[in-house]
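> So the chains spell out like this:
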Amino acid sequence: MCGIVGLFLKNKELKFQLGKLFEPMLAEMSSRGPDSAGVAIYRNPVNAGQTKFSLVHEDQEFLWKDLETDLAASLKCDVSSKVISNHCVLISNATETEIVNWIQRNYTEVRIVGSGKSIEIFKEVGPPEMVYEQFKLDKASGTHMIGHTRMATESAVTTAGSHPFATGADLCLVHNGSLSNHNLLRRKMEREGIIFQTDNDTEVASAYMTWKIRSGATLRQALEDGIKEIDGFYTFCIGTQDGFAVVRDPIACKHAVMAENDDWVAMATEFRAIAHLPGADRARFWEPEPSTIYVWGEK
Amino acid sequence: MLDLKEIGVRGVNTILHDISLSKEKSYKINNPMGQHSIACGLNAAMQVEIEGHVGFYCGGMNKHADIKIKGHAGVGVAENMMSGSIHVSGNASDSAGATAHGGMLVIEGDASSRCGISMKGIDIVVGGSVGHMSAFMAQSGHMVVCGDAAEALGDSIYEALVFVRGEVASLGADCIEKEMRPEHLAKLKELLTRSNFKADPAEFKRYGSARSLYNFDIDNAGAY
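Going down the list, the protein sequences come from chains A and B. Per the numbering used here, the first sequence starts with residue 3, numbered consecutively. Per the numbering used here, the second sequence starts with residue 11, numbered consecutively.
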């Protein structure tokens, strides 16, 4: 099962309501994925030369301030952080690679779940409504959001196995379906130096897109290659700094519906998630075609 | 008038099932909000109008009732319908009319993939186009497509008759174009008239089973 949802605001005046508009969309998909939930929200882009990280520690009491001080002293860089539940959004002017290497060496229990200019990722085991509340997302502003409600099939029910999966560069991916050649692709990418945090199939798809984009491909080219190389059943929704993309496998048996009006573009596993948006009854609706790439907001 | 937002799907369906026993003849459902299984399992002659888009399996297992959906329909509209009719004014998602034994399903817009999968006697008329693998393993009944059909139409089809006016992207295994005889034209005309489409039957082509998969072919024994 699993449910995926995406909302991109065309009308910039709605940005203060993003979290509020998105909440019923995610909640409506609870019955498709009650195990765990996660969202990626794109907001407050950092300045040039800075990178934003979403970090997680299983211990609610973990002292993020220590990590911040330690990091600033070790790398002689500026660091600021904001703690939200067991997540921390950390901003620094050190390079992404320096920070990743430093955290992986010095704080092995801290997981980096997202990084880029504006992406923030929050994910947790538990009913979607509770997860949403835990991270106070109902009052969040931003430009777009991607969400996932999970019914685990391929790997364990853990926070690490929850979607969205992000592997850097503001990109994240949520997935409804199951992949069949993820072990093969994972081995191939590991040889290219990509490090994986889980044995989850979706993480492979996310890493694949980042790997392609870092090798110089556009998002569209990465998705086109993905259709050829990634085997399995999938509807993917991919968040980028400027928007989101949707793609379904060539058989297209994992549900998906899209809708658009003057104010927003939305995608969901089922229409009922979109039905809550203002103006949904008069929006243009369509089903994404198999092997067809839909992209919004890409510069 | 039934407000689904107020009484929920179970509330709506309980009333529709109860009126199967009473003399009520028509109902309107407001605020369907894309919920699943609306007006499922109806078992009496009655008119049901749904004002808006519905979720999965709307009108499933319908017997006798005439259901009008003023909007789009989700996956499996009219699945396993036995008799009566379902009319969708918008588009329908996957597997419309799946396994249905009888009655008539009219979709004014497009139908998505696997329309009429394993249909067993239903008549389906689609004003627009149908998606890939439509009429897959279709056993009996009729499917009329006024637009185009996507890949693998009628794969492993049995004795259902398929009429398509536009382009067929490709035919599935054992599905072939067949001669349009006078009795087929007459049936097609009747279906178009009943569903209120003004298409000319002469513009359609007929597709059906080549019947080459019906019996085991000893030459294929090595494949098993």
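Simulated from the structure, these hints should not be mistaken for lab results. Just so we're clear, the structure is a prediction, and the values are computed from it rather than from any experiment. Be aware that one or more of the hints could be misleading.
[Claimed, not checked] In silico SDA-like pairs for lysine to any residue, Cα to Cα no more than 25 Å straight-line:
1) Lys15/B to Pro26/A
2) Lys80/B to Asn263/A
3) Lys256/A to Ala160/B
4) Lys22/A to Ser180/B
5) Lys15/B to Glu135/A
6) Lys80/B to Asp283/A
7) Lys38/B to Lys22/A
8) Lys199/B to Phe226/B
9) Lys230/A to Ser180/B
10) Lys17/A to Asp37/A
11) Lys130/B to Lys17/A
12) Lys188/B to Gly138/B
13) Lys78/B to Gly281/A
14) Lys208/B to Asp184/B
15) Lys14/A to Lys214/A
16) Lys38/B to Lys130/B
17) Lys38/B to Asp244/A
18) Lys256/A to Lys188/B
19) Lys15/B to Phe287/A
20) Lys119/A to Val85/A
21) Lys15/B to Lys230/A
22) Lys17/A to Glu131/A
23) Lys214/A to His278/A
[Stated by the list, open to error] Not the full set, but computed from the structure, chain A residues with beta-carbon under 7 Å of chain B:
24) Tyr109
25) Glu111
26) Phe273
27) Arg274
28) Ala277
[Stated by the list, open to error] Cβ-Cβ distance ranges computed for the label pairs, FRET-style:
29) Val159/A to Glu61/B: 36 to 42 Å
30) His74/B to Asp140/A: 41 to 47 Å
31) Ser99/B to Ser83/A: 26 to 32 Å
32) Ser32/A to Ile25/B: 22 to 28 Å
33) Phe226/B to Pro252/A: 27 to 33 Å
34) Ser83/A to Glu177/B: 56 to 62 Å
35) Pro47/A to Asn206/B: 35 to 41 Å
The C-beta atom is built at its ideal place from N, Cα and C for all residues, glycine as well.
> Hint check: lysine 256/A vs lysine 188/B, CA-CA at most 25 Å. Holds or violated?
Answer violated: lysine 256/A to lysine 188/B is near 33 Å, above 25 Å.
> Given alanine 277/A as an interface hint, is its Cβ closer than 7 Å to any Cβ of chain B?
Hint holds; alanine 277/A Cβ to chain B Cβ min 4 Å, cut 7 Å.
> If I claimed the Cβ atoms of serine 99/B and serine 83/A lie 26 to 32 Å apart, would that claim hold in this structure?
53 Å, violated
> Taken at face value, is the distance from the CA of asparagine 263/A to the CA of lysine 80/B at most 25 Å?
Distance ~19 Å between lysine 80/B and asparagine 263/A Cα, so the pair holds.
> Given the hinted pair lysine 15/B and phenylalanine 287/A, is their alpha-carbon gap at most 25 Å?
21 Å, holds
> Does the beta carbon distance between proline 47/A and asparagine 206/B stay inside 35 to 41 Å, or does it fall outside?
Check failed, 54 Å falls outside 35 to 41 Å.
> Does histidine 278/A lie within 25 Å of lysine 214/A when you go C-alpha to C-alpha?
36 Å, violated
> Within 56 to 62 Å or not, the Cβ separation of serine 83/A and glutamate 177/B?
59 Å, holds
> Taken at face value, is the distance from the CA of proline 26/A to the CA of lysine 15/B at most 25 Å?
Since the Cα atoms of lysine 15/B and proline 26/A sit roughly 14 Å apart, the hinted pair holds (cutoff 25 Å).
> Quick check on phenylalanine 273/A please, does its C-beta sit within 7 Å of some C-beta on chain B?
OK, holds: phenylalanine 273/A within 7 Å of chain B, min 4 Å.
> Regarding valine 159/A and glutamate 61/B, is the given constraint of 36 to 42 Å on their beta-carbon distance met?
At 40 Å between Cβs, range holds.
> Please work out if lysine 230/A and serine 180/B have their alpha carbons no farther apart than 25 Å.
Since the Cα atoms of lysine 230/A and serine 180/B sit roughly 21 Å apart, the hinted pair holds (cutoff 25 Å).
In summary, the structure is inconsistent with hints 4, 7, 8, 10, 11, 14, 15, 16, 17, 18, 21, 23, 24, 25, 31, 35 from the numbered list given earlier, while agreeing with the others.
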